[in-house]
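4 protein chains.
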Amino acid sequence: MFIVLKSNPDPARLASLKDWLASKDIEIHTSEGATTTVLGLVGDTSIIDIDLIAALDIVEDVKRIQEPFKNANRKFHPDDTVIKVGNTQIGGGNLTIMAGPCSVESEEQLVTIAKAVKASGATMLRGGAFKPRSSPYAFQGLGEEGLRLLSLAKKETGLPVVSEMMEASQLPLFDDVDVIQVGARNMQNFNLLSVLGNQDKPVMIKRGLSSTYEEWLMSAEYVMASGNKQVILCERGIRTFETYTRNTLDLGAVPVLKKLSHLPVIIDPSHASGKWDLVPSGALAAVAAGTDGLLIEVHNDPEKALCDGPQSLKMDTFDELAHKLLALHGFMQELEGGKK
Amino acid sequence: MFIVLKSNPDPARLASLKDWLASKDIEIHTSEGATTTVLGLVGDTSIIDIDLIAALDIVEDVKRIQEPFKNANRKFHPDDTVIKVGNTQIGGGNLTIMAGPCSVESEEQLVTIAKAVKASGATMLRGGAFKPRSSPYAFQGLGEEGLRLLSLAKKETGLPVVSEMMEASQLPLFDDVDVIQVGARNMQNFNLLSVLGNQDKPVMIKRGLSSTYEEWLMSAEYVMASGNKQVILCERGIRTFETYTRNTLDLGAVPVLKKLSHLPVIIDPSHASGKWDLVPSGALAAVAAGTDGLLIEVHNDPEKALCDGPQSLKMDTFDELAHKLLALHGFMQELEGGKK
Amino acid sequence: MFIVLKSNPDPARLASLKDWLASKDIEIHTSEGATTTVLGLVGDTSIIDIDLIAALDIVEDVKRIQEPFKNANRKFHPDDTVIKVGNTQIGGGNLTIMAGPCSVESEEQLVTIAKAVKASGATMLRGGAFKPRSSPYAFQGLGEEGLRLLSLAKKETGLPVVSEMMEASQLPLFDDVDVIQVGARNMQNFNLLSVLGNQDKPVMIKRGLSSTYEEWLMSAEYVMASGNKQVILCERGIRTFETYTRNTLDLGAVPVLKKLSHLPVIIDPSHASGKWDLVPSGALAAVAAGTDGLLIEVHNDPEKALCDGPQSLKMDTFDELAHKLLALHGFMQELEGGKK
Amino acid sequence: MFIVLKSNPDPARLASLKDWLASKDIEIHTSEGATTTVLGLVGDTSIIDIDLIAALDIVEDVKRIQEPFKNANRKFHPDDTVIKVGNTQIGGGNLTIMAGPCSVESEEQLVTIAKAVKASGATMLRGGAFKPRSSPYAFQGLGEEGLRLLSLAKKETGLPVVSEMMEASQLPLFDDVDVIQVGARNMQNFNLLSVLGNQDKPVMIKRGLSSTYEEWLMSAEYVMASGNKQVILCERGIRTFETYTRNTLDLGAVPVLKKLSHLPVIIDPSHASGKWDLVPSGALAAVAAGTDGLLIEVHNDPEKALCDGPQSLKMDTFDELAHKLLALHGFMQELEGGKK
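Protein chains in written order, with this note's numbering: chain A, 241 to 580; chain B, 241 to 580; chain C, 241 to 580; chain D, 241 to 580.
By construction, these hints were calculated from the structure, which means they are not laboratory data.
Treat the hints loosely; a few may be bogus.
[Stated by the list, open to error] DSSO-like, lysine-lysine: derived pairs with alpha carbons at most 30 Å apart:
1) B:371 - A:303
2) B:303 - C:303
3) B:264 - A:310
4) C:498 - A:515
5) B:310 - A:371
6) B:310 - A:246
7) B:246 - C:358
8) D:515 - B:499
9) C:303 - D:515
10) D:258 - A:303
11) C:310 - A:515
12) A:246 - D:264
13) D:515 - B:310
14) A:315 - D:246
15) B:515 - D:499
16) C:246 - B:303
17) D:515 - C:264
18) A:499 - D:246
19) C:246 - B:258
20) D:303 - A:303
21) C:310 - B:469
22) D:499 - A:258
23) B:564 - D:498
In isolation and in its complexed conformation, chain A is listed as follows:
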């Protein structure tokens, strides 16, 4: 960490800052330039509150060198984290395909889709029981009944289940869920994160719409600091000025997070674009970029849902895509020399 001082800092205040830093076992290297003096801090600066320093009268700027996350940091945990879920594992060279409907709607819908996606190569079943909706007038999910149906579909297919929890009080209902998802809008719901750190199911944290990599990793850190080291990161598109797509999928997240952290990285190309015809391109690109898995919405027929019309081809489209994804994953592994 570096502290850039204002010119001519009050000597008494500077002295007390230095004493305080020393009391935290931080070593100080001072560089005096013509116009600026800079204190270089050496030691465990992750315990220093950067905003507190920045608020001091004698300080012009503070810049962090060391990352503020530890448990999630590859520097301290060089080996990839691999997470076992049911008969499958996330990370470690696997391509995990989590597929299923956006919302759980009925037993028939869910079991049909679950069987279909399993046959296509999916290794986990996704499905929303509690749905965060920006309008209070929109369908909020089946809730507890949705979780019961997921449990049933899991029994039928053997697929482990991932589903979103919106509030800490829902934890007892998630007994039969294998991976608990934290939604983008809850990425900085710190109470929820802490509660999830105190139980032992794997937690998949979606990136907030405008959250930086560092903030995202700090949310993982919340879970991990409470004891649960099984954290998965899921990129689902960020908010930018572009309005043609709902969000902008940031595939740079894959190599960046792999460099900064040892946690598995999943890509959700469905939420990112908000347009079905853009999903295949994004999913294939994610595999080439080195993702550990994909979270894909398999639409049960929206026509049917609305108007009882003819069955759509959506599951066929997924089937075709899944085969391509698995083939590409195999090819990439060869290309990268079996490294991954």
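Chain A is already provided as a structure; the job is to place chains B, C and D on it using the hints.
Leaving out everything else, chains B, C and D in the frame of chain A:
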């Protein structure tokens, strides 16, 4: 709402869509162009799920005309909402100054600041008991003890209190708090919003870091749809590409929200910039823009907190600013012909 | 195009608006709702100035349905544009690899790199002679001398050359350049675009840092409307809130532009991240996403440039990457059933 | 400037980097921590190319402390720049109101508006002769004829004129223009900036849609480094995720630029919102924030332009606003103790 159809839509699917819309009492006006056909929907389209329509195979695009919020909509509630809090009121031409420390730290700190800001003209006391922090290693607030101290400072000064609630389960602790704040990171914590809609204290909703005006008003709608009409909106800076300031204060929020909604609008210039020397300019501009109030952090001496140094002038700075703000507010009222 | 009227519009003004639209051969479909009246315009609305309509007193909002671009629009030109450059072609299932140094520095540097990238599989040579630099104190490129060296390297290797033009007056100097690049900062330099539309070399337009797909396509339209149909689009990262990478590479641009337009799309993963170790992941992902080519900076040894140190491995790294990219491209073509 | 080294840097490369820095008269302070070594550079680091350093194999990160701009930097030029234009001056406590039509359309239109805005209190006339339009099919301005009409209106009213130049080659036509405007889309057209630095008319640089304060000041630096010190900065709204307004007006630019630089700052509330009813709030807020002036579009009747309808009240609206702005400016000067 307009539905732009793909060219040559499947007639059976189009028919079932039209039937479904008719079943919702929506009238359909069809415009057929050379390359596109568009359905204009007339009726209460706020009940239509726009994402569901957009997912249909025959649909190219959907555009909303009518705002999806009702309770918060000025069109249906032309008069300004005025909220009574203790002896003061928010809205209705008043300039509410909410001032106090970022975090409640001790009785002495809080009472000292509370007395000072009251003397300077503040009409409400702000102070954080539960603090959302992006790092699990940073100070998380005094919690319940912080609320006890706020209650005490309220008794000493008579100032009504605003403080942030982070989770629905904390509600019983907020008995003596006058306005419950929903933080920017919780703006779309829909469970929290619903719970706050089912109690009767006023709720101040901070805008999410990258939330649109519409999403923000929809969060107000969550509270209002549950029964509680006393909602205050607080702009605190949005996330942009600019890194010199922590966030970018969007003062355009004032006229826009006043136009779209009847709810009071408060500006928080402290969080927006993250730099103390930029607060006065932002606060004065907010008053000229027509804000109903300001939320200002009055630092107790950060030097002291850290290093036991000499007392800072921060309360003096606030005092000078508060006088200017009140004078400017008076001037603006004259200028606008007493309209406001 | 839809015009949403304010409630109770002045009848005389509405009538004159309708007359004006009729005079432009626009047919009007009126939908009257309980709270809003909407005019649906049918005809060639690309000639209507949307801002002009929006400024009318009686108008609340205007929404465009039809895209404002024509020459660049796939709807009117269903076949992919394929651009012949020297012995190679851009588009049409090819993977064009444009490689070379950021700036041309010397004959030795350029020729060494040109030979190396050709051997690795590059089909075009890139190199900056005129360099847009945000600081007036930074190196601005060799200018005319740089173009002379590019011409020389082209003669030595047979690789066609792409280089950036910063101002219309430089055109005569670009005689021996095969593709003229318009930089991101000049994407809306409309004078430059018009001049390039009046000559016949292919033009590669980089996306502006915060330009939407539509604005980008409108810049292509500027060139095409002046007569030159040989336009290439190059995504190079957009500006977002994320600061870890210099920009955020938007690979969604590939499927979106392929859908909206028939022009070839190139990805520049080097500028996007600003970090060398993120380039391979981005380049591979771009190929899987379906890009027509890549623009990659091959660093001549920065160590050497600065300090005359030992030769770097940068060209080796490129060589390894180029082989992977070509292999992946071949695999993707098989996977997509030779469609592309 | 700080250079954060990768762990275990190659000693030969580190030595050559240090030698190179020493050759530039940069002093190096080394801080060695447990996991990182950092070089603190002291001296004139504005000549160091930060991207070049960042590209070195042994370097993990580079952070700048010193601002890269000098001529525009308040640290080196503590006094406010005041620019004399005709009988008025920009800066120095004045409130400059630049008003006029977006585009010059006819002699009658321009002279009518010019007389009206002068009567209302405007001190400069604005008007576009060359119009940058995102569509090649939209009206591009009257060009040279527009400049002739501006000259005529200037003669009639005595108001100095500000107008936008889009290309260096247009300079000879701007003989009778008093302040040359560089548009947002040309903010980083470095050739144009250099040419404007080599002539002696004041230059007003609009902020690019997604340009940081630093990039903006570096564009001012381009003009100033070439010799012309008369630069004015104009904020006109930045691009964010919000779509309700065309852009987001960043009034924080006023105090930030006043702190970092000595140049006058103008606010353009018209382009920012793109909605006429939001202009007054933005303009008043800008005055309270401490702006040196405003650039306001006074619409000649858009109804008339289009449909020959009844004359709009737009000039009346401006008249009312201008009086408020001037009254508020007077009040603010008293409030700030005549300081400004």
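Has the given pair, residue 499 of chain D with residue 258 of chain A, been kept, meaning a C-alpha gap of at most 30 Å? holds (28 Å)
Hinted pair, alpha-carbon criterion (30 Å max): residue 310 of chain B, residue 246 of chain A. Please report holds or violated. Violated: residue 310 of chain B and residue 246 of chain A sit about 51 Å apart, past 30 Å.
Quick one, are residue 246 of chain A and residue 264 of chain D close enough, alpha carbons at most 30 Å?
-> With Cα atoms ~25 Å apart, residue 246 of chain A and residue 264 of chain D stay inside 30 Å; holds.
| residue 246 of chain B paired with residue 358 of chain C [C-alpha distance capped at 30 Å] | violated (45 Å)
Just to be careful, I want the Cα atoms of residue 315 of chain A and residue 246 of chain D compared with a cutoff of 30 Å; is the pair within it?
holds (12 Å)
Open item on the list: What's the verdict on residue 310 of chain C and residue 469 of chain B, does the C-alpha distance respect the 30 Å limit or exceed it?
Closed with: Measuring from Cα to Cα gives roughly 49 Å; hence the hint is violated.
- Assess, step by step, whether the Cα of residue 303 of chain D is no farther than 30 Å from the Cα of residue 303 of chain A, and give holds or violated. Holds, at roughly 8 Å.
Taking 30 Å as the top limit, are the C-alpha atoms of residue 564 of chain B and residue 498 of chain D close enough? At roughly 20 Å apart (the allowed maximum being 30 Å), residue 498 of chain D and residue 564 of chain B satisfy the hint.
inquiry  = Just to be careful, I want the Cα atoms of residue 310 of chain C and residue 515 of chain A compared with a cutoff of 30 Å; is the pair within it?
reply    = Satisfied, since the Cα-Cα distance of roughly 23 Å is no more than 30 Å.
inquiry  = Checking one constraint from the list: CA of residue 246 of chain C to CA of residue 303 of chain B, max 30 Å. Satisfied?
reply    = Holds, at roughly 17 Å.
Handout entry: Restraint status (C-alpha distance of residue 515 of chain D to residue 264 of chain C at most 30 Å)
Key = Given that 30 Å is the threshold and the Cα spacing comes to 25 Å, the pair holds.
Residue 371 of chain B and residue 303 of chain A were given as a pair; does the straight-line alpha-carbon distance stay at or below 30 Å? holds (23 Å)
Violated hints for the displayed structure, listed by number in ascending order: 3, 6, 7, 21.
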